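6 protein chains.
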Amino acid sequence: MSQPPSPPPKPLEGYAHYAHYIISSPGPFVAHVEINRPAKLNAFTRDMWLELRAAFRQLSADPDVRAVVLSGAGERAFTAGLDVKAASQGGSALLPGPGGRGVDGARAATMLRREVYEFQDCISAVERCEKPVICILHGISIGLAIDLSSCADVRLCAADTRMAVKEVDIGMAADIGTLSRLPKAVGSSSWVKEVCLSARAFGADEALKVGFVSQVLESKAAAVEAGLKLANLIASKSPVAVQGTKELLNHARDHSVDESLRYTAIWNSAMLQSDDFSSALLSGIQKTKPRFEKL
Amino acid sequence: MSQPPSPPPKPLEGYAHYAHYIISSPGPFVAHVEINRPAKLNAFTRDMWLELRAAFRQLSADPDVRAVVLSGAGERAFTAGLDVKAASQGGSALLPGPGGRGVDGARAATMLRREVYEFQDCISAVERCEKPVICILHGISIGLAIDLSSCADVRLCAADTRMAVKEVDIGMAADIGTLSRLPKAVGSSSWVKEVCLSARAFGADEALKVGFVSQVLESKAAAVEAGLKLANLIASKSPVAVQGTKELLNHARDHSVDESLRYTAIWNSAMLQSDDFSSALLSGIQKTKPRFEKL
Amino acid sequence: MSQPPSPPPKPLEGYAHYAHYIISSPGPFVAHVEINRPAKLNAFTRDMWLELRAAFRQLSADPDVRAVVLSGAGERAFTAGLDVKAASQGGSALLPGPGGRGVDGARAATMLRREVYEFQDCISAVERCEKPVICILHGISIGLAIDLSSCADVRLCAADTRMAVKEVDIGMAADIGTLSRLPKAVGSSSWVKEVCLSARAFGADEALKVGFVSQVLESKAAAVEAGLKLANLIASKSPVAVQGTKELLNHARDHSVDESLRYTAIWNSAMLQSDDFSSALLSGIQKTKPRFEKL
Amino acid sequence: MSQPPSPPPKPLEGYAHYAHYIISSPGPFVAHVEINRPAKLNAFTRDMWLELRAAFRQLSADPDVRAVVLSGAGERAFTAGLDVKAASQGGSALLPGPGGRGVDGARAATMLRREVYEFQDCISAVERCEKPVICILHGISIGLAIDLSSCADVRLCAADTRMAVKEVDIGMAADIGTLSRLPKAVGSSSWVKEVCLSARAFGADEALKVGFVSQVLESKAAAVEAGLKLANLIASKSPVAVQGTKELLNHARDHSVDESLRYTAIWNSAMLQSDDFSSALLSGIQKTKPRFEKL
Amino acid sequence: MSQPPSPPPKPLEGYAHYAHYIISSPGPFVAHVEINRPAKLNAFTRDMWLELRAAFRQLSADPDVRAVVLSGAGERAFTAGLDVKAASQGGSALLPGPGGRGVDGARAATMLRREVYEFQDCISAVERCEKPVICILHGISIGLAIDLSSCADVRLCAADTRMAVKEVDIGMAADIGTLSRLPKAVGSSSWVKEVCLSARAFGADEALKVGFVSQVLESKAAAVEAGLKLANLIASKSPVAVQGTKELLNHARDHSVDESLRYTAIWNSAMLQSDDFSSALLSGIQKTKPRFEKL
Amino acid sequence: MSQPPSPPPKPLEGYAHYAHYIISSPGPFVAHVEINRPAKLNAFTRDMWLELRAAFRQLSADPDVRAVVLSGAGERAFTAGLDVKAASQGGSALLPGPGGRGVDGARAATMLRREVYEFQDCISAVERCEKPVICILHGISIGLAIDLSSCADVRLCAADTRMAVKEVDIGMAADIGTLSRLPKAVGSSSWVKEVCLSARAFGADEALKVGFVSQVLESKAAAVEAGLKLANLIASKSPVAVQGTKELLNHARDHSVDESLRYTAIWNSAMLQSDDFSSALLSGIQKTKPRFEKL
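Protein chains in written order, with the numbering used here: chain A, -4 to 290; chain B, -4 to 290; chain C, -4 to 290; chain D, -4 to 290; chain E, -4 to 290; chain F, -4 to 290.
Chain A extracted, bound-state conformation (with noise of 0.2 Å):
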């Protein structure tokens, strides 16, 4: 018997507008973001990744969240990627184009370049969000879903879940983050010059080897509810030592180990400056939950 759907989120207050996400409140301080079109496998309209901005934006400093976690809305699909139809139809300068015919090609290119980042900038803001990210992958994940989920902290996925780097099949370099950050997330050049370089699928326990997910659970119902157990417990700890790890994490990503290292130091010199010190130390010693200021 399969697991019974959750019951309805409670919502965050807040983020009652937006039109293309569920966002709810699972529990205290923590924020679950469900991309709503499940009618067409999540797909992508510009909208939503203008949409996808400003909801991470207003996370970030939101002092009310502190764990993210990031799913698809229904059964089906994480998400299956840019809507290439809507792209198509609404004149997108995104989509590869007939060769430049008839137009300037340094004008075109000017404004595909703008609007590249735009898009760049959209998914990215993932990334940036202050509070970490748990993305839950499950069903169709392609494309796109690849971009998104690797601007994420953490990722876990369900057994059938199907992930492919498909822009190939559609005569592109994957151009929203996929070829920048994959890399970086995995440990296996080889592997990832494969599934990007022929688009084909891997499945789940492809990506738990290669370390791209952290954490494979038998359906979609149980991955998310991994991902809200992880995020009750990183929401649980001081927000000024979880937000501080996730910057310094991302830093040294980017970075040598010297200039890490460095930053690192500026970063404690203000942060360690916190009540939240004395305040875990004290709840160890009594045995009790510690509370920390809203950050």
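There are no misleading hints in this set.
Which copy is meant is left open, because identical chains are indistinguishable; a pair holds if it fits in one copy or across any two.
Taking lysine-lysine pairs in the DSS-like style, the calculated list, with each CA pair at most 25 Å apart, reads:
#1 5 to 224
#2 204 to 224
#3 204 to 179
#4 284 to 5
#5 284 to 80
#6 289 to 224
#7 80 to 282
#8 35 to 282
#9 224 to 284
Derived from the structure by calculation, the hints contain no laboratory data. This structure is a prediction, so every number in the text was calculated from the model and none was measured.
Since the structure of chain A is already known, use the hints to place chains B, C, D, E and F on it.
Just chains B, C, D, E and F now, kept in the frame of chain A:
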């Protein structure tokens, strides 16, 4: 019963003049390069590495090539590395010498530096090749075998492959690329240090586990076959998409995510102005094989 | 029946004055450093980390040492990390304080920054040591244990090792190196974020799977034995080759492949002017053990 | 007799809603932005820097703009910098506070960091503007005046300009860009350190000698006129060429020559596919003024 | 009365086969390279830049050369830059084309990118030459003249030199090195932006003032003479010292001070093992001219 | 009539034990360090550079010091550089040796590398000193004088100063910092190459013109006086502001503008939590001299 040898390959036009490599065309837009000195375990002489550069430069710009497979001729070795005996007799500047006695150390260093640069540049031609290179490791694969295969995009190996970063056993640190590329190709710095500092051998399973290769096949023949199959798959895709993907992944390895995203946007501002997108989409709808212009 | 303890080790000459470390010589050119505060689970006081720097500086330049093994004394712990109680009483600037109340925040930050730099510099001495360092994790190995072992070249562990990046549990982001080095030592950013953000424990198998350690042994004794065996193997090789390999791998981690190749060529332009090459070759032919000059 | 004021400028269409800037169109494809708070020496409030970002974002993408001149309204000041009084009353997080007394230092730091990022981002909009910006310094030009003008591409000044990197005089290191950009804009690190560490004033001749400005004009009016003349000249050129030149020079400042050459080649691989080349050549032959498509 | 022409120079052995350059030997260990197309103001064709690379590669490794002077033949021009007419007729991929109409924009970009890389590589050969290059600017020195002279180590000019970064006037951003190297060669970013964005001409005095040239001489003949004198002085010094100085200064331009110090130490660990030191000291004591081995 | 010598300086407390430096206190929070070996033109022995590091480390952390002036004792020289004779006799590893004859080149290189690192580290202590250092060049100022003064923040010189990057004249490339720092301190790469490759002398006016010094004074006494005046001015400012400014300018030199802005924001998130701001503002209003807490 052992796997029968492959039938004599069809030569790739324009590559017959290479003395040390068999370069054939096992499928449309696919090249197969075999290191051809099996009697000496495909050990490299100076001539061979100079010719390697010439061959991969030609492949890089050849519009009839979209994917390359690299393997060793014969059953015994991919390559046993540098032909130390030939190098000694040829008076190579590359081999560690007798402590600079009798010569000016600065001038000896200058000659060594120039020769190492030249050698590095020849091997790096595999990485610089604009078309993806799939390397098949098999049998003895030590020393230069690791430098060379680390330049490839994808690495597959036969179950009998015996690998080692062998250089410390002849009194030197590897200087043709292994120490620069191996740590970025696999996911365990502890393992990299262990095999590089001790020169101990490792086999196919270990190579798969740490991610150095992405597949292990039962025999050399099976590994070559898997490599050719992958090459054919890649060669059937848009060359604009494939070559862009290789370039952007190589750039990402050496840059921060921010740098990589910016470079990607500039790259694709030109590359999205291609007919390959509509060809790919149309053939997807019509269930036909897309045809892409040469590149 | 448990493994009997090793016989009392032979002291390494010149290191008897260290108060907090037992430094012995279990084989030619091999040093074994044991953190010697087993009654307190080898927890670190300020004195201990200052002395650690002094010891590894001496080992780095000691021509009688070619490989170092680092472990904890006693069965219970490699190290339980910073001695928080001692640090509080000693008035360490390092521990998070009470929100800067009553003091000028800029001046508090300056004191903290200087102290973090000093602490980082002491632990980094393990990485800067010119000779390879093999770290044996065993028993409790949390907090500073991860910062410290991340500086080693090779990590082995006993099956009973219990590890955690524990800092968020005391209200702070780890600042002595874990967040800078761990992401570059293993192959799964999702796993790194998971254990660093949640402070959850992980064991030997998990550490092996993500590549943090390269071998798991059944017990502390077996792990130390394996470490010493590896150290002896490395110490039998050319010190020019071994020390160059360590330097070049550390440089590669923090630089692009092009930078690394250039640096490698310059490095080897001097280092190939060595007698170790002919010694290594000759002993290979004569099946004798090569003898290398001190370094 | 003093220079008469310029005639009332023709408004630039689409920019009438800005409260703190007069944005006019003194010539085809040229915009003139005047900081409009002369009664307060054009000192900046929070609203003003937020609006500055909005205005330069709009100018950046406006196809009717090819060059921008930035100056202060009134005769007395380009800008006297941050309006410290307003900032204090508005409870700005940016001003140095009373040592964090009574508040958690880590949380105070987080608020400060976010606010500094926001302020930096607003001022950097001048640098990010895709069209060249010519800044006219005149009269009092201290504090934020240097941060702001350092973001411009070309700096001209009036003979009466009185400049200072004033921040140390109010107890803080300049953090909105002066310390990041000034050392790369001029050719004497000794001079940069001298004026930044001492906060001493310097005049037009000194600014010219060290290269901070490239021309000194006799009066504000003459400097504005020279700026507009240069803007008109630049606006008459190919926008593909001009905007590419700005982008590539900004990229070069922050990258090695090798990185810059590679980026340049990628950039121009799209940008050379333009009609501007033939337009420019043809008008050169025909002695006519070339016409370029909008960008 | 004008300066009489120099006597016919003595050819440098081994360089007679170059068609577009006169390469002579005006003194021991000094080479003088003259661009030899005075009838066309020394404008460059494709053949010329390919040959430039060949010549400077040969000079770089020639032990009989220790310093190089580069100038233009004839009185009228150092070089008027790219021969645009020849480039158009030769179907060069380099010139901006008609907006990519009728061709696939991605494929056009690939051809352009390869050609720009090739052109950049040829001009960069002057910078890569291991021996110092002194460039004499005189007469018309526009476009490619700036790219080319920016690769030299020292720039001198005649009083009549007329320079311009001319590329925006033909509808393109300079892409052969000016925008990458000029900002790092002079001390005023405002001036660099001004001349690059406006394409306006500048003369010898202005070039001296901003530091682009380090000396202005009254005439071409005097400038060549000063260049040869400096070359002779440099050629009389230890080639180990001189070539190391060039290498380390070029490295420093593109790296942080810490990186540069580390690289310098590695470089000199080999280069200090030279006889040149004792030769230099001894000749200092004996007041004789030191003799250094070839390099 | 020549300027009378300054009165005997008041010793700075805690610095009397330095053998080679006179360290006095010419004003509140100001230290004056004089290299004290005038009979030998202040030439450096190994002892002297080791002591230089010790002294500047002490000054860096000394809360009673806010600005440092560095000059040479006596009228004849700031410093004539390395004492070559002492270095030869002391068997320094630093001096170029006889081509490594008779010793293993790799081992000689290792000793040289360690010694160069040590020497560089001692001189770099001037740059690492958290308090600004004003260097007074006068008389003979060659070789190490340039390495050393390049580490200072501000350079002033007397009219009679005779400077040279002298190293190529003794057969070596400068390796203690000149080649790493000089190109980033002045604004003409052509001039830097000219003086470094030729070892020619240059005087005060030339140093001022290229920006190496920011003021030229008529005599040593006047230059020292100007330096002390500047030091007193700086010492009267907020030490939080001054020390932050030094740190951020040094960081900016070695990083991109984006990196620098990010680092600046983190730095100031702690440093703005200071009382110095209100002290500075209040004293501005009250026309009193502000008092700042020690740092």
